[in-house]
Each structure stands twice: as structure tokens, then as C-alpha cells.
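Colleague: Given these sequences and hints, build the entire structure.
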Amino acid sequence: MTLAATAAGLVPGTAHLAAESRGFLSPTGVEIAFLLVGLVTLGAAVVTVTTRQLVHAALWLVVALGGLAVEYLLLTAEFIAWVQVLIYVGSVVVLLLFGLMLTRAPIGPSPDADSGNRWAALAVAVASAAALVWVVVDAFRATWMDLEGAPSGTTEVTGASLFQHWVLPFEALSVLLLAALVGAIVLSRKAKAASRAGAGAREGAPSPAGASPAGTAGEPTQPDTESPADKEGDR
Amino acid sequence: MNDVLDVTLRLLLVFVVFLTFPLIVGQTEHKVMAHMQGRVGPMYAGGFHGWAQLIADGVKFAQKEDVVPAGADRRVFQLAPAVALLPYLLVLLAIPIGPGEGAVGQVLDAGVFFVLAVMGVGVLGSLMAGWASANKFSLLGGLRTAAQLLAYELPMLLAAASVAMAAGTVSLTGILDAFEWWWLPWQITGALVFFIAGLAELQRPPFDMPVADSEIIFGAYTEYTGLRFALFLLAEYAGIVVLCGLTTVLFLGGWHGPWGADGLGWVWTLLKTAVLAFIVIWLRVTYPRLREDQLQKFSWTLLVPLALAQIALTGIVKVVFL
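Protein chains in written order, with our numbering: chain E, 105 to 339; chain L, 5 to 326.
Source of the hints: derived by calculation from the structure; they are not laboratory data.
Just so you know, these numbers come straight off a predicted model, no measurement behind them.
From the three backbone atoms N, C-alpha and C, an ideal C-beta is built for every residue, glycine too.
Any given hint might turn out to be false.
[As the list claims (entries may be wrong)] Coverage of chain E stretches by chain L, computed from C-beta distances (three or more under 8 Å per stretch; other residues unrestricted):
#1 159 to 166
#2 187 to 199
#3 205 to 215
[To be verified] Residues from chain E that face chain L, not an exhaustive set, calculated with beta carbons under 10 Å:
#4 Gly170
#5 Ala173
#6 Glu182
#7 Phe183
#8 Phe202
#9 Thr258
#10 Thr259
#11 Glu260
#12 Ala264
Modeller: This is the structure we're talking about:
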């Protein structure tokens, strides 16, 4: 959530910068659109972290991520924009919604949706936003991007720069993702093995005493059957 | 002014296609299913072989009361059909039906990514509907939809990536320009994976576990009535048109044909799309519904490895022979 907020916070910063180098008084249509979409994105991101309705937060996140995609489009980075939609809106948010629906997704506000850490979270968000804005402003202070000429963010240009100049970071990132993947598999296997061992121990102990088969069979699957019941309770 | 006229004309044309083609597919489904099952299907509406049946259905849907359940999340519930339907309209904009720049709604540099990204967004509509309905069956349907999307998005992307590798571009028009007839046997595995994964993403039988009418009463759409329900149905048929059009463009050579490619390219595109749509209907009549675990297993243990093998094959052929 903070990531979306900081990313959205970054957006007006760059817009101002673009306007500064050409002067504020004659903004082009693209710049105005950029600024407006940036405001919408920022607003959606803020609603995402402040709303008390869990699923609404996920849906507002769609708006924020979609707004970012539009910003990429306005900067002629077409490829990045569609990848943004494909990965974040199409996969990450779907995964998020899936997780919410599987565990708890009450309709209406959740009273416990507020975190006690909100001031710490705000401080971290503001600090990271400030750092990002400062870095971007410092790096691209005098750079002016020509939006009228040939697009500078086509698939070809993006691919060439990614695999010529930025191969090492790209590979490092893929190793990081691989590590995360392996870690996820290890964690899920450990949990499964633990539950199986627990079920086996339970099964092993009372079976000579003639425990009811329903009790032993019902135990390991309980986490699965419990979550929908929780959800109905929440409603 | 000429530019504005051009854009307006294209948008209008795409919109007309969006409004008519799904209905044509729907009527064909009525008739084809009926004849495959030894019935005649709709015969009365409109006179000749019941051609106006879907228009009559539309009028019926429009007359029905639009009910929003009391416990539902009102705004999300009402927004869901639009989220499900609109992405397919956007995708239609990018599908070229003939050679040259004139035969596509909008030439996109990263067309393949655009169509796959936007098609994925459509599923959000089903998720929203499933959650907002405040109904157990709907929630189950929403869950199954999400699980299915997560499983089948990957093979679909990988299969499309294989064609993009073969053509050396991710633009749909670029892929068609680079197409040669021998791509057909070369990319046949990818084509099958793409088409099957697309069917699963549309939740068409035999992949209709999320809407399974006989067990969870149409899943996410249980609580919908009237026009909003009709919009979901329309989204399904628009999805068929889009999927068949995309498979045609990516794997079957679009407007390329044995003869007459110059003036009649669009006929080839439409013909191939229509044949694929027929196959979609045929599969619905032929196969029983897959169970949820079978669905997941089918994707992860068969389609994903096949798609990866196709990518390897594409790479090898591309490097060694081209």
C-alpha cells in the first residue's frame, strides 16, 4: 500500500519538473492531462490506504495502478504501460482479491481495518516519497522529453536499453524473484508437512482406543472448511 | 477534420462489430447446439429459422426488473457488468482484419501485450460481481474465476510470446506482416495452448466450473437480473469473438489466404474467426465440465510445459534455421 502511495506521490513531482523547464505559463495538453491523471492516481492511492472496506481498497488499488499505466502512456512508454496493466491489474490485484475472498472479505466496513501503526506507516511513506522525488528531481533536473517526436518508449527501444545497458540489474532481479519463488515453495511444503505430522500423531495415538473416524478425518481439513464459515460470520 | 472523421468512422465500425458479432455467435450457438443435439432450436421469432431470437431475448431482458440484493455492495454490484464487458470492446480496437494500416481500429506498438492485458482486466468484473452479490454461490464462483484466471493467464502469455518471438515484434499488424504459411505447423502447439487457455479464461465449457449452473447456479451472476445479466452474457460472447479473432491473427495468419489476399483479406479473417467460433460451440456440446482440481492440473502440468516447449522450439528454429 505504501508503495502505491509513494509511486503516486512521485507523479506530480515529475510533472512539475517537466513544466518548470519550459515554464509554467504555457503547459501543453499532454502536461495538463498528465497532472490531472496524476491527481486521480494520488487520490485513488490515498483512498486505498484509508478506506475501511477491504475489497474496496483492492478495487481502488486498481484505479491507482491503472492511473499509473495512463501516465506511462502519456510519456509514450507504451510497452511499460501495457505490462503495468498486465502484471499489476491483471495478476497482482486478482491474486489480492483471491486472497481476500478466500480468507475474509466482509461487505461493509471492517472495524479492525485500522492499524495502530498508522503514524509510523505515514512517516515511512512520506520519507520514501520524499527520497524518491528528491532522487528523480536530482537525476533528471534539466532533461526535457520530446513527446511530439518519435516515441521514445517503444518496445524496441525499451528492449534494447534493457538488454544492453541494464542486463545486470535485470538478471539480479530475476534471481531475487527465483529466490522468492523457492522460498514460497519451501514455506508451503513445511506447513503441509507439519499439518500432516500433526494429523498423523493424532491419528496414531487414539486409533488403538477406537477413536471415531470422523474426528481424525475432519481434523486436517479444518482450515479449509473454516474460512468460508468465518466469512459468513463476518457478514 | 479528415482525421477526426477517420477516427470517428473507425470507432463507429468497431462499435458496430462489437454490437453485432457477439449476437451472431449467440444465434449460431443456439442453432448449432440444437442441431448437434437433434433439435431445431429457435424457429419462431422473426420468421425465418428464428433469426430474431436474440433480439427478442434482449427485449425480454430489458423489460425485467433490475434487482440489487439488500445485502449487496450496491456500487460495486452495479459497476461489475461494465467492467466485464468494456475490455472486450477495447481489445476489438486493436485486432487487424486486413492488410495495411487501414484495416485496424488503432495500430498499437505493443499490440500483443495490450490485448492480453486488457482481456485480463475483464475478469475483474466477474470477481467484483462474485464478491458484491453477498451470496455464497457467487463468492464461490468469484473464487473459482480468480483461481482459473491465475492458472490460465500464464500459458496464454507464453504461447503468445512464442509467436512474438517468431515474428520478432509484439505488434499485431507486424506479426501478420511477417507471417509465412509454414508457421502453422511450427506454432501449432502454441496455437492449441493459446486457444484452450483462452477458452478457460472466458469460462466456456468445458472450463465453466466458475459458472457451473447445475452446482453453484451460475456462480458470480446468481444475483443478477435483467439488463445487467444480459451484459454479462454479452461479455461472454464478445469474449468468444475476441478470442477467435486473436487466435486467427496470432496463429492462423489473419488475412493471409491461399488466394485473393489483396482485396479480400478481411474475408479470410472473418472466415477463420467464424470457424474457430464454431469449434468453441462444438466443444461446449461435446465435452463434460472439468472438475476444479482437473482444471488446475490441466493448466499447470500440461499447458504450461507445452507452452514452454513451444517457446524452446521457436527459439531453436529461429536461431538455427532463420
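Colleague: Give a verdict on every hint.
Modeller: Taking the hints in turn, this is what the structure says about them:
Beta-carbon proximity to chain L at under 8 Å applies to 4 residues in the stretch 159 to 166 of chain E; the threshold of 3 is reached and the given coverage holds. Only residues whose C-beta sits within less than 8 Å of a C-beta in chain L count toward coverage, and the stretch 187 to 199 of chain E has 9 of them, enough to reach three; the restraint holds. Residues of the stretch 205 to 215 of chain E with a Cβ under 8 Å from some Cβ of chain L number 5, which satisfies the need for three, so the listed coverage holds. Of the supplied interface hints, the one on Gly170 (chain E) holds, with its beta-carbon coming within about 8 Å of a beta-carbon of chain L, less than 10 Å.
Because the smallest distance between the Cβ of Ala173 (chain E) and any Cβ of chain L comes to about 9 Å, under 10 Å, the interface hint for this residue holds. Annotation: Glu182 (chain E) was flagged as interfacial toward chain L, and the flag holds, the nearest CB pair being 5 Å apart, inside 10 Å. The criterion of a C-beta within 10 Å of any C-beta in chain L is met by Phe183 (chain E), whose closest approach is roughly 5 Å, and the hint holds. Because the beta carbon of Phe202 (chain E) sits about 4 Å from the nearest beta carbon in chain L, less than 10 Å, this interface hint is met.
Contact between Thr258 (chain E) and chain L, as hinted, is supported at the beta carbon level, the nearest pair being about 5 Å apart and thus within 10 Å. Because the smallest distance between the Cβ of Thr259 (chain E) and any Cβ of chain L comes to about 5 Å, under 10 Å, the interface hint for this residue holds. The criterion of a C-beta within 10 Å of any C-beta in chain L is met by Glu260 (chain E), whose closest approach is roughly 8 Å, and the hint holds. With a cut of 10 Å, the hint placing Ala264 (chain E) at the interface with chain L is violated, because the nearest CB-to-CB distance is about 13 Å.
Going through the hint list in order, the structure does not satisfy hint 12, though it satisfies all others.
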